[in-house]
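Q: Protein chains in written order, with the numbering used here: chain D, 7 to 123; chain L, 6 to 118.
Hints were generated in silico from the structure; no laboratory data involved. There may be inaccurate statements among the hints.
[Said to hold, decoys possible] Restraint-style ranges between C-beta atoms, simulated for each label pair:
hint, chain 1, residue 1, chain 2, residue 2, range
1, L, Ser57, D, Ala61, 44 to 54 Å
2, D, Gly78, L, Thr15, 35 to 45 Å
3, D, Ser64, L, Arg56, 20 to 30 Å
[Unchecked claim] Some but not every residue of chain L turned toward chain D, in silico, with C-beta under 7 Å:
hint, residue
4, Lys47
5, Gly48
6, Pro49
7, Phe51
8, Ser79
9, Ala83
10, Gly111
By construction, the Cβ of each residue, glycine as well, lies at the ideal position given by its N, Cα and C atoms.
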Amino acid sequence: GAGVSQTPSNKVTEKGKYVELRCDPISGHTALYWYRQSLGQGPEFLIYFQGTGAADDSGLPNDRFFAVRPEGSVSTLKIQRTERGDSAVYLCASSLTLDTPNTGELFFGEGSRLTVL
Amino acid sequence: GESVGLHLPTLSVQEGDNSIINCAYSNSASDYFIWYKQESGKGPQFIIDIRSNMDKRQGQRVTVLLNKTVKHLSLQIAATQPGDSAVYFCALAGGTSYGKLTFGQGTILTVHP
């Protein structure tokens, strides 16, 4: 597709359940990022990938959160034992490379809104 | 750690006026500053960026000013239009990836016809 695609757009789950959020980046983009945006706040960095490997996961809040990108394209953010505080919009972004402002510009998807009841 | 803040959470202007959105930051090591626009239900959209070795950069109807002495960033929108209504975020980058950003809280811009 032309842009970053995220599914599902909305996910409602119960406390304690497991969820997966999917991101399909722009074709050819080597870098992929996950951010989390709470209501009324700016996005917060979670993790980014260069190719298949997680280059920096310092933003993941705890070990309930995990992300993979096994083939260097699609990525899945996985949240175990969800808590009400996990409710937020999870944004995915991709960029052509990591390195320079011109090629490192981020293109965001529309996000997956997660609600934990 | 890094922090980014905004002076005004909301800004209302009339169509055709110029708008100025401000951002204060604390991390003097940042070398790349970016403004994003976010419409309701959508992801942030890149507007304009500026490197730390510059103090002004212009785009189409937008200008970003950087004052490193007081750690202040601003976005000026000329001839504001109703389509400019959105939340505007400043963001800082620096380090291993230009995509690892620290975002400010955001300013809500409302443009009245």
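Q: Against each hint, give a clear statement of whether it holds in the structure.
A: We went through each hint and held it up to the structure:
1. Ser57(L) with Ala61(D): 44 to 54 Å: violated, 23 Å
2. Gly78(D) with Thr15(L): 35 to 45 Å: For Gly78(D) and Thr15(L) the Cβ distance comes to about 42 Å; the hint holds.
3. Ser64(D) with Arg56(L): 20 to 30 Å: Given a distance of about 24 Å, which is inside 20 to 30 Å, the answer is holds.
4. Lys47: holds, 5 Å
5. Gly48: At about 3 Å, which falls below the 7 Å cut-off, the nearest Cβ of chain D leaves the hint on Gly48(L) intact, so it holds.
6. Pro49: At about 5 Å, which falls below the 7 Å cut-off, the nearest Cβ of chain D leaves the hint on Pro49(L) intact, so it holds.
7. Phe51: holds, 6 Å
8. Ser79: violated, 17 Å
9. Ala83: violated, 23 Å
10. Gly111: holds, 6 Å
Hint compliance for this structure: hints 1, 8, 9 are broken, all remaining hints hold.
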